[in-house]
Structure formats: C-alpha cells, structure tokens
Amino acid sequence: MNRVGARKYLFSKKIDSYFEGIYKGYQFALRFFKEAFTSPFHLREIINQCFEIGLRSLPLITMTGFIIGIVFTKQSRPSLENFGAVSWLPSLMGIAIARALGPLVTSLICAGKVGSSISAELGSMKVTEQIDAMEVSAIDPFKYLVVTRVWATSISIPVLSFYCSCVGLLGSYYNVSTEEATSLQVFYTNAFSNISFLDLFSSMTKSIVFGFTIGIISCYKGFFASNGTSGVGKATNQAVILSMFLIFLEELIIVQIVNWIRYF
Amino acid sequence: METDKIQYGNSQDPVIKIEGLYKSFDELDVLKGVDLMLKKGENLAVLGKSGTGKSVLIKLLVGLLKPDRGNITILGQQLDKLNRKELNALRLRIGFSFQNSALYDSKSVYGNLSFPLTMNVKNLTKKQVDDAVEEALDAVGLLDKIGRRTEELSGGQRKRLGIARTLILKPEIMLYDEPTAGLDPVTCIEINALIVEMQQKYKTSSIVITHDLTCAKTTCERIAMLLDGKFLKTGTFEEVFETEEEQIKQFYSYNFTL
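Chains as they are written, first to last, in the UniProt record's numbering: chain A, 1 to 264; chain B, 1 to 258.
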C-alpha cells in the first residue's frame, strides 16, 4: 500500500469507528431504558450516588450560583439604567436565572465535576477488570454501575438546578440591596412575577435531560475505556467535552421547542 | 509450606468440555481449534508463553468473550445455548481468580467478600453474611485483615483475597488466571499450597492458567501445553516434558527452576 493509500485506509477506519461509536452509544442508551424500569433497582446504590453527586456538589453550586447572581446583576444594571428601567432588574434576573442560567450553569459544573468522576471511576474499574469481576460473580455491571448512576444524575441535577436558581437570585438580591433599599420579599415577588409555569416546567425538563446526558455519556465513556490509565484519562476528557457539547445542543433545541409552544 | 500433590481427578465425568474452539481479534488468530476436557475433582494447568491465548481461553469459559467457532460445555450446559439468566446461574458455580486480583478498590476487605454474596443470595441476615465472610477469609488466612482497605494488602494477600471472594459463593469449578504472576518465590509457594488446599477442602475442579512450571507441577495433576493457538501436548507433567518436541523443550529449559 502506498502512502496515499495508507492515508485513505486510516481515514476510512476513523470514519468507521466514528459511526460505530454513535451506534454503540445509541445501543447503550437504549439498554438503559430497557433496564432502568425492571428489578433489581439497587435503590441503596442510587441513594449513595445521589449523595455523592448531589450533596457533595452543593458547596460548589452554592458558590457559583451566588457569584453568577451578583455578576449578572452587575452587568445588567447599566443597560437597564440607560432606559430608566432599573426596577425591572429583579424580573430580568428571575427570567434569566430560572429559564436558562440555573439549569445551564449547574449542568456545566456537574459535567465537569460529576461526569469526570463517573467516567474515571468506571474507566479504572474497566481497565483493572473490576467490571469483569462483577460479571463473573453473576452481578450485572450495567445494572449496578450504569443504571444507578444515570438515575442519580437525572434526579440530582434538577434538584441542584433549582437550588442554584434560588441561590443565584439571592446573589442578585445581595447586589440589588447594596444599591437600593429593597426587601427580600419584594425582590422575590418581582423576580417570580414574570416566571410562568411553562418556564419552570421547561427548566425542570432541561435539567432532567442534562442530568441524563451527563450520566449516560460519562458511563458510556468509562464503561468502554481501554488502553490502561492513559485510556481512562482520554475517556474522562471525552466524557466532559461531549457532555458539555450535548448540553448546549439540547439547550438550543429545548429553547426552540418551548418558544414554539409559548407563541403557539 | 509443603504442598502435597492430590489425587482427586479419578472421576471420568467432564465438568468442562471444549471442542474445536476458535477465537480471533481483528486479523490475529488467537485460538485455532482448541479441544480440552476437565474431569471432576481434577486440577489442570494450561501452560504456555505470554500471548498464546491462555487468558482468552478462560475468559471464553465464563462468557466474558464469545468464541468465533466451537463448543464449550460446562457442568452439562452448552454455553452458547444459555440466556443471560442461565449464564449467571452457571457463573455462580464457577470461581474466577483474576491475574491482578481485580479487587473492588472502593470496598474494604469485608466489602469485597460480602458484595457478591449479598447481591446473589437474598434475605441473608447480617450474622449469616458475617459468618460466611469470616469463613472465607479464614480459609485463605486473612481473617485478621477483615476491616482493612484493599490498598493496604500486599500482592500475595490480594491474590488470597481474590480467591476468597470466589470461594464465598462455593463454586464447583475454579479458574485461576496466572495465580503466581508478579509474586516473590515464597509467596508463590504459599499461593500454590492454597490452590491445592482449596481443591481438597472445597472439592473443586480447577483450571490453572500459568507460565510458571513450578506452579503447574505442584498444583495440577495434568498439564495442557498451549502453543500457537493449539494444545501441543496434554498429560501428566512427566508425559508432557519427556518429549523431543523442540518448542516444549525450549519452554522447559527457559522456565523450569525447581
């Protein structure tokens, strides 16, 4: 084979493995839906994972949410002042945080923190044959490791998103209260006055979808990690990047659908 | 520790029967028509150089890999005819000791043993689990390590714990993948003795995958020499190595250091 032929061969192999990866990912997600609703449910492991994902991410989400509330309020104030509409600041922040920032920021943080940890854990279990050890002990590793973790991310991330939104609004109130004399009650009343049920529903749906995406991508990359420790690093890296990319893509699609419903 | 050679392989009932087994990865043919039979109560060593497909062979036996061609019959059940549930039921009757022990590093010594037990046997009381864990740890001489984390164990202790983890489910067949790999000579002797002891105590039939001739000689009654994807010779240690076959003689001269 000459050099050009070899290049063509390698390129076609890459294309093959790319589409094979998509197909395997699809099969993996499909298997999750088949096995997520059948016993055994391993409830204790789901609770453990919710604790790991949810409670352990709380300090980071609190800090980030609060800072984002302050920063966005600070950034929005000058523009609203130009139009003499500073009184709209709570409403603006309420809409921005509840509709987009809360779920998006939480999911991006969790893609980095939780996604990498799941992928690294499963990847190292794979390369040290711990997953095989489960299999030969008649324990279904997919059910015990994957299904429980995807359930946990799909449950924990919506809760964290809601929490992040509340803390973000608190950060926003902190900034507003340093400039103007306004009470927390008035601020929250104004913030929530323009938030509809559709906003809350879409926000919750988005969080569940993002949580599922982080869980399934991280588990998939970890579950099929190979080539030793460098393979685990690569899988972890890919899990975070792919999760983040898909989160943005899903955000775009869900926003389009919600807007379509809103104006229908 | 002195190891006595045992004479269990008297029964003619095969617990494992392999016929015409082929396995390849991409363009690499690893197994090229392997036939083998393990009799009840017998310890059989599969010897061969690294990369000859020894580990692939035992992974095929527990369904971790699927063969391209050929039949595997274990305890009267043909592996490719089993559904997932039946395969798992069969796996409970087979113990698999991994080359690198494959211990669950997120769990303690106790957790490593109680996990497969509680996942497979429902409605056990805490006392029953504790008793079973203690019995298995006692059998491998690790009872004093019950509360430790796995990373605190030495290489030999990890191997022992890996064996104890399989014993807790009371298997009828044991598969050992390179049980003495990476261990010092003294620990190797201890592990060899443990393999023999397990056979005597639990009446198991075993396949020991190894390239260590000392291990094969001290733990097994029969040896199968795997070279280039096929069994070159099968028989007792003397039958296999009293040969003019150049590859076997070479393997012997390079490795055997009794």
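What the hints contain is simulated information worked out from the structure, not anything from laboratory work.
Treat the hints with care, since some could be wrong.
[As the list claims (entries may be wrong)] Below are the DSS-like pairs computed for lysine-lysine, each with C-alpha atoms no more than 27 Å apart in a straight line:
{"#": "1", "chain 1": "B", "residue 1": "126", "chain 2": "A", "residue 2": "34"}
{"#": "2", "chain 1": "A", "residue 1": "24", "chain 2": "B", "residue 2": "66"}
{"#": "3", "chain 1": "B", "residue 1": "81", "chain 2": "A", "residue 2": "143"}
{"#": "4", "chain 1": "A", "residue 1": "34", "chain 2": "B", "residue 2": "249"}
{"#": "5", "chain 1": "B", "residue 1": "107", "chain 2": "A", "residue 2": "143"}
[Said to hold, decoys possible] Estimated spans, in silico, between C-beta atoms of each pair:
{"#": "6", "chain 1": "B", "residue 1": "155", "chain 2": "A", "residue 2": "16", "range": "36 to 42 Å"}
{"#": "7", "chain 1": "A", "residue 1": "47", "chain 2": "B", "residue 2": "201", "range": "35 to 41 Å"}
{"#": "8", "chain 1": "B", "residue 1": "239", "chain 2": "A", "residue 2": "5", "range": "48 to 54 Å"}
{"#": "9", "chain 1": "B", "residue 1": "235", "chain 2": "A", "residue 2": "33", "range": "48 to 54 Å"}
{"#": "10", "chain 1": "A", "residue 1": "249", "chain 2": "B", "residue 2": "202", "range": "54 to 60 Å"}
{"#": "11", "chain 1": "B", "residue 1": "105", "chain 2": "A", "residue 2": "78", "range": "52 to 58 Å"}
Just so it is clear, CB atoms sit at the ideal spot from N, CA and C, and this is done for glycine as well.
Results of checking the hints against the structure:
{"no.": "1", "hint": "126/B with 34/A", "result": "violated (32 Å)"}
{"no.": "2", "hint": "24/A with 66/B", "result": "holds (18 Å)"}
{"no.": "3", "hint": "81/B with 143/A", "result": "holds (23 Å)"}
{"no.": "4", "hint": "34/A with 249/B", "result": "violated (54 Å)"}
{"no.": "5", "hint": "107/B with 143/A", "result": "holds (18 Å)"}
{"no.": "6", "hint": "155/B with 16/A: 36 to 42 Å", "result": "holds (41 Å)"}
{"no.": "7", "hint": "47/A with 201/B: 35 to 41 Å", "result": "holds (39 Å)"}
{"no.": "8", "hint": "239/B with 5/A: 48 to 54 Å", "result": "holds (51 Å)"}
{"no.": "9", "hint": "235/B with 33/A: 48 to 54 Å", "result": "holds (53 Å)"}
{"no.": "10", "hint": "249/A with 202/B: 54 to 60 Å", "result": "holds (55 Å)"}
{"no.": "11", "hint": "105/B with 78/A: 52 to 58 Å", "result": "holds (53 Å)"}
Checked against the numbered hints above, the structure violates hints 1 and 4; every other hint is satisfied.
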